Structures are given as structure tokens and as C-alpha cells.
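> With chain H's structure known, arrange chain P on it following the hints.
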Amino acid sequence: MYAKFPDGAARRTDPAAAAEVLYDAVIVGGGIAGAIVASRLGEAGKRVLILEAGPAEDLTLRGYEAYLDRFYSAISKDNQAPYPVVANAPMPRGTDARRIFPGAPDASAYIVQNGPFATDTTYTRVLGGTTMHWEAKTLRMLPEDFRMRTLYGEGADWPLGYEDLAPYYTEAEREIGVSADVEDQAYLGITFDEGYVFPMKGLPLSYLDRMVAGDIDGMPVELDGEKRELRVRPFPQGRNGIPNPAYDGGKGYVPRGAVSTYQVEVGGRCQGNNNCVPICPVQAKYNAGKTLAAALRTGRVDLVAQAVAHKVHVDERTGRVTEIEYRRYDRPDSPGFTTMRARGRLFVLAANAVENPRLMLASGLRSSSGLMGRNFMDHAYLLAWALLPEVAGTFRGTNCTGGITDLRGGRFRRRQAAFSVDIHNDGWGWARGAPMTDLIDLVDAGGRYGESLRQGLVDRVSRQLQLAFMVEVPADPSNRVTVDPAITDSLGNMRPILTYDIPEYTMRGVAYARQLSKRIFARLGAEDHTAYDPAFWGYAVHTGEGYEIRGGNHLAGTHVMGRDPSTSVVNADQRCWDHENLYLVGGGSMPTVGTSNVTLTVAALCLRSVRVMLAQLASETAPIHLTSHGAARGRSPEVAQ
Amino acid sequence: MTDQSFEEFLHLSVDLTAFEETELLGTGLAHQYLAKVRAACGGEVVSALLDAHRAARADAADGVGGHDPAVLDRALRHRIFSDDRLGPVARNVIKLWYAGMWYGLPPEWTDCYGARTAAETATVTAASYQEGLLWPAIGANPPGAKAPGYGSWAQPPRIDDRYLRGGAK
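Read top to bottom, the protein sequences are chains H and P. When the letters of the first sequence are read in order and numbered with this note's numbering, they come out as residues 436 to 1076. When the letters of the second sequence are read in order and numbered with this note's numbering, they come out as residues 293 to 461.
For reference, chain H alone in the conformation it holds in the complex (with noise of 0.2 Å):
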């Protein structure tokens, strides 16, 4: 079943007439956490206007075939390389980083880095968000992921525990289309409801997996006293597979397609183009323009594109989100832009970890609690990488099928930060750039052609085995996004500031994990071939030993949800303690990260915080005086209570 977008909704909606509705919701952000809390309010009757930074044309099948001709064609085939570069709404780039010398923050790229550690973590500002490249594994946060305070002290509770969540990541299993297998993923305290099965059967581990498999399933390890033996596990992805006729009682699973506004057979299930990241050419994976496709059907969604907001107002005397300030640019490569507002009932901050805090602040609402901005967490990648014995084929499948999650929790992260272990399928190429390196290197340093270039592929590329640890960051409130007045973006937009450094209770988790890595390679009768180069961007030196660490694009954390205002930033509803109408929803409220990439739990806590909404709006019910305004002039209209 394709996802019908329907025609002509990208530009139904006219902004100047726009700003005289006073609409249920206003949205910022068409990425995955405003396309669901759009389709869920737009499905239980609401109005709401979602404005996306990113031009938007209607998600035809061309226009998804412009990304994939966009990536065939690029020179860097990074994770931004489909999308095009748009400088009224820009975005970072891996291919940004650089290293950051003290005292000389590097403001090259659109997030200025103020360091000391360089990170190249992304996030896409087109329609779809991040969700257009992300990778799709969709793990669960463990239950200890909620307590990690009160079982570890470590890191922070939360307000509301893995039971909570858990109705919710059923129903966010549903909206995304995940293929797991019960059996494989119920481990560490991860509980599922009885009967549950996955929308989609779990798909196949890689003929690499499993070669991995057979020397390391078993393998014994002892951590602060616990012993346990580690298996290659599945992961639950994101990517339409077989469906499972058990599911929801029986009554099985159709899974969405690719996103159209006709008819088109295509995206049903992975064929395993090796290329989830940076774009599935065929839409199995999903994309949140598979849900954006559901608002819009609803027809009391509407979206204003090329709308990137400026400032959020508030009433001063009852801290109430009056409008939203934005600045609709007439053309993606000009500056100019004209001045519009949104107003709405309630208003929803969907934009990501770093635009949320960044929109706030230069608003000037910083949060009584003063946290707003702060506690910024992604995941910290450290990789390894080597030769196997055999031939394993390399560079097919998904980019990830399997991986070793064993020390994702347990005792020891009262001293160092757990992990989960990726196998990848895409080989070297995250660490050293393969295949493409080793064809250069065997071409230009090696002599190689014909038939022993064949060869020297094969032996040289075809036995690759990179892990990939993806280790937790605990929250710190000195990680922080900024903004300064004079740092702006072409449009006026005050750009982000992000001041990170890794904490040594993950470079502990860092140094295990290159430790672990020996062993595996060991056992495997691998050849070890990782090697940390000192003046690489990311380098990290922790006891005398020096790491690269790459960012994850799992941004968290910087308006972290609590039970006391005085502490967090938003409730466990993802609503402002300050603004009792504005709710921050994503990763940003999430204060742990754990091992678990995030976009699952996002969207599990808007599927949740869509039911405090409702219930908002049912309760404030009151009759709602406007006065006429034209778009760009005039205060914004008193809500009458």
C-alpha cells in the first residue's frame, strides 16, 4: 500500500491567510515529532499548521527521485549528500567538522563550535526531517535507561518509567513499521505486552552477522563482577519486511510504501540496496513523510514551507505562547523573506535537540530553570575495524542487520557508560571511507589492474568487519546549545552555538569498548587494522590512549523533562513548566540517552504527549476573541480565557 500524499497539499495553504486562523496547534518542524502530533490532532478533529524550514514541494515520487539523483551524481556520498543546501534554512554537515583548537571556536559551518571536542552530528531540514536519512534501528530504551540515578548515580531519572513508554512504543512500532522478532529482542528488563509480535517479521541476519556469529555468540565477559556471554542479535528496524499475520491480534499488518500522490507499487519490503543511510532509494525504510502524508490527508492540516521561525512570543503576565514569529523566504538562494505569524490555541517546538533550544533562546526564554540549551547529548561512536579470515561479502543487506547489545546495561554503569555494538554491513566505510579508499589505494599505491585488482578487492575489501560502538552520554548541564545575537544565518536566524565536550564516565565506556574490540577480533582470527589518527577532528585522548569518536545524530537532551520545575525544563508531557500552551517535544526532553538511537522513543513520548494535548484543548474550551491583523504587522490576538 503506497502512502498517498495528496496532491497539492505542500502549497494549499496560503501563509497571509494562514495568520488570520487561530488554529488548534501550530507546529514547528514537518520531521518525525510534528508529522505524528499533526496526525494525531488532525485525526481527532483539530486544526493545525505545521511550519517546515525546508522548501517543500508535494512528496511526489519525482521529487524523491531528484534526492536519489542528487546522491548518484555527488562526489561526498555523506548523509546529507541527497539533500540540497538551502542557505535561508541551513544544516550541518559531517563533512563539517573540524578540529577545534582552544580558544578559537570554528564557525566555518552552519552550528558554531565552540568545542573543545569537535563533532560532525547532523540532522536534515527538508520535509521528513532526519528521518530521510536516518539508519531506522529502533530499539527500545531499557527499563534501567528510565532509573539510571536512583540504580546507578549516574546520569538523572526520569519522571516516568519504561512502563509508561511502553503502550507507546507499541503504537510507535505501528506508525514506523518495525520488523523484529519478539524473541530476540526481549532482554534486559525490555518487557513486552503479552501475544505482542512485531508489525513485520525480523529481517534476516547478514551472511556477515553470521559469520561474526559463529566465534563470538558465547563468548564469556566479566564486568564489575557480572558475568554474561555475548550473543549477535538482530536489530528491530524501521524497514517494511515480511509482514506478520499474528499481529494486533490476528489481524496482521499492511505495511506502507513509498510516499506518492498516485498510485505506485514500490517500498513494500527491503531489497537490500546497502543505502538506508543516506537515502532507502525505494522508501522501505520509513520516512516521516509517510505519517506527514496522513496529517495532510486529514485535511485540517496545512503546511507553510520555506517558514523558518524567528521568535516565539509570549504574554508576559501569563507566560501564554502568544504567536510565532517566522520568516517565509520567498526563494531558497535569495535573502528575502517577509515577516508572518502563526497563532494557534497551542503551540508545538518539533524541530530537534538543537533548533528547539536554539528557537528559545533567541526568543530570550531560557527557562526559569535556566536549563534551556543545556544537558545536549548524542551518542559517542567509537569504531574499530579489521580483516577477516574469510570472505564474508561485505557491502550487502541493510547497513546494519545485527550487533551485540549484551552491554547495553548491567552493574558497571555505576562506572563506565554501556554501549551497544553495530555490525557493519557498509564495512570500513564510516572509519576509513572503503570501499572507494581501498580501490584508490590498491589502484594508486599498489599497482594494481586487471586481474590482481580484481583480486586485491576481494581479499581486501570483501572480509571487512567494522564495529561500531555506539556509547552512551550521560547528561551535562556545561554540554550546551547557545546562541549570541551577532552569530546569525542569512535570513537574521541566530545560528546554534554548541559547546560539547565527552565526559570521562563515557571515554571509560570508550576505552572498554576498544578493549572488547581486541578480544572480538581475537577470536574471530581477525586482522586488527584500527588505528586512531592524532589529528583526526575527533580525536580523544583518555589515560594516555587516544580515540577517534564520531557523533551519532541522536540529539537529546537539551530540554530535559522532570518532576520539578526548578530542575527540568518540560514535564513528562514534554509541556513548558513556563508556558503552560507550548510543548518541546523530541529528543531534547529525553534526560538519558542510553543505548537506544532515539527517533523510536521520540516518537513514542509525541504519541504520548498527543493525549495531554487533546485533553488541553478539551479543557480550555473557553471562547476565543480575535481581532483582525494583517500577516506582518500588529501584536498578536489576547486568547480569552
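Calculated directly from the structure, the hints in this document are not laboratory data. Accuracy of the hints is not assured; some may be wrong.
As a list, the in silico DSSO-like pairs of lysine-lysine whose alpha-carbon atoms are at most 30 Å apart [as the list claims (entries may be wrong)]:
{"hint": "1", "chain 1": "H", "residue 1": "746", "chain 2": "P", "residue 2": "438"}
{"hint": "2", "chain 1": "P", "residue 1": "438", "chain 2": "H", "residue 2": "636"}
{"hint": "3", "chain 1": "H", "residue 1": "953", "chain 2": "H", "residue 2": "662"}
{"hint": "4", "chain 1": "H", "residue 1": "439", "chain 2": "P", "residue 2": "438"}
{"hint": "5", "chain 1": "H", "residue 1": "512", "chain 2": "P", "residue 2": "438"}
From the structure, some residues in chain H lie toward chain P, with a derived Cβ separation under 10 Å [claimed, not checked]:
{"hint": "6", "residue": "545"}
{"hint": "7", "residue": "708"}
{"hint": "8", "residue": "716"}
To list a few chain P residues with every Cβ distance to chain H over 10 Å, as calculated [said to hold, decoys possible]:
{"hint": "9", "residue": "298"}
{"hint": "10", "residue": "303"}
{"hint": "11", "residue": "313"}
{"hint": "12", "residue": "353"}
{"hint": "13", "residue": "359"}
{"hint": "14", "residue": "370"}
{"hint": "15", "residue": "399"}
{"hint": "16", "residue": "409"}
Computed from a predicted structure; not experimentally measured. Glycine is no exception: its CB is placed at the ideal position from the N, C-alpha and C atoms.
Same frame as chain H, now just chain P:
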């Protein structure tokens, strides 16, 4: 572009890539690749490269239509790969076929032999990435194209046995 130089470019490409003529023609890009090399380096360099290759094949001819691989290898190394002007171009032709990309030649080359256009790294067409010979050489599809199908990744790779036995580290 003459038919003869195209034929010779194909012969050269067969020796450089170890893919057969039908496989090279099957990419649909052979003409564009020859044109790309000409546009980057100039016609004179291409002619010299094809001449040198013809001479190398002549060195190795066994008189009955075939050639001695060891002699051909030595002739290619001596006449082409070790040549300051032709070596970098020949290596770029290999990379062009394998990656679908023209890798910019270094300033040392363009300073000596003119042809500034040779210095620019560029993809030839969107299709050239997809037709890179690197991918069939490792039994894989170019990421993002020519999908092998659901679950195919669980099977052993389709790599010719002769490369699996080699196993030289």
C-alpha cells in the same frame, strides 16, 4: 572520435580492468568514458596512451592471435604505468571504470602537460556511479541501486571462485 580509437580504448580497458568487452559495453558508458578522458586530458594524450597500449600488446603477441600475460604485464608497466604522462591517466581510466568517477590529476601532472580540466574531480553521469565495476568485483550492488532483493544478504556472496581461492593477504 573514430571507430578505431573507440575499439582501441575498449581493448585497453579490458586489459586494465579484467572485465570482458561485453561487460564494459554493457555499462552503456564506454563512449562517454572515452569522451571524458579526452575532455580531461586532451586528444593527444589519449592517442599516446592508445599507441602505447597497442605497442604493449604487440610486444606480447604470441603470433596466433593471443598474447603472453607475463610479457604483456611487463610491457604495460614499462610503457604505460611507469610513464610520467601516461601512468596517471591509465590509473584514472581504471578508477573511471571501477568508480564511475574522474579523480582529479595532481598539479604535477597538469603543470607538465597542460590540460587543466584533468584536475577536476567529477562524476561522469548519475548512471556512472551505478555502473561502477567495483561492485560486481566484490559481489555487491552499488549502494542505493541495483537492489539484489529481500534477504539476499543472508546468502554467501556471488564472487567468482577463483578470487575466493586466492586469499593472498
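> Determine which of the earlier numbered hints do not hold for this structure and return their numbers in increasing order.
Of the numbered hints given earlier, those the structure breaks are 1 and 6, listed in rising order.
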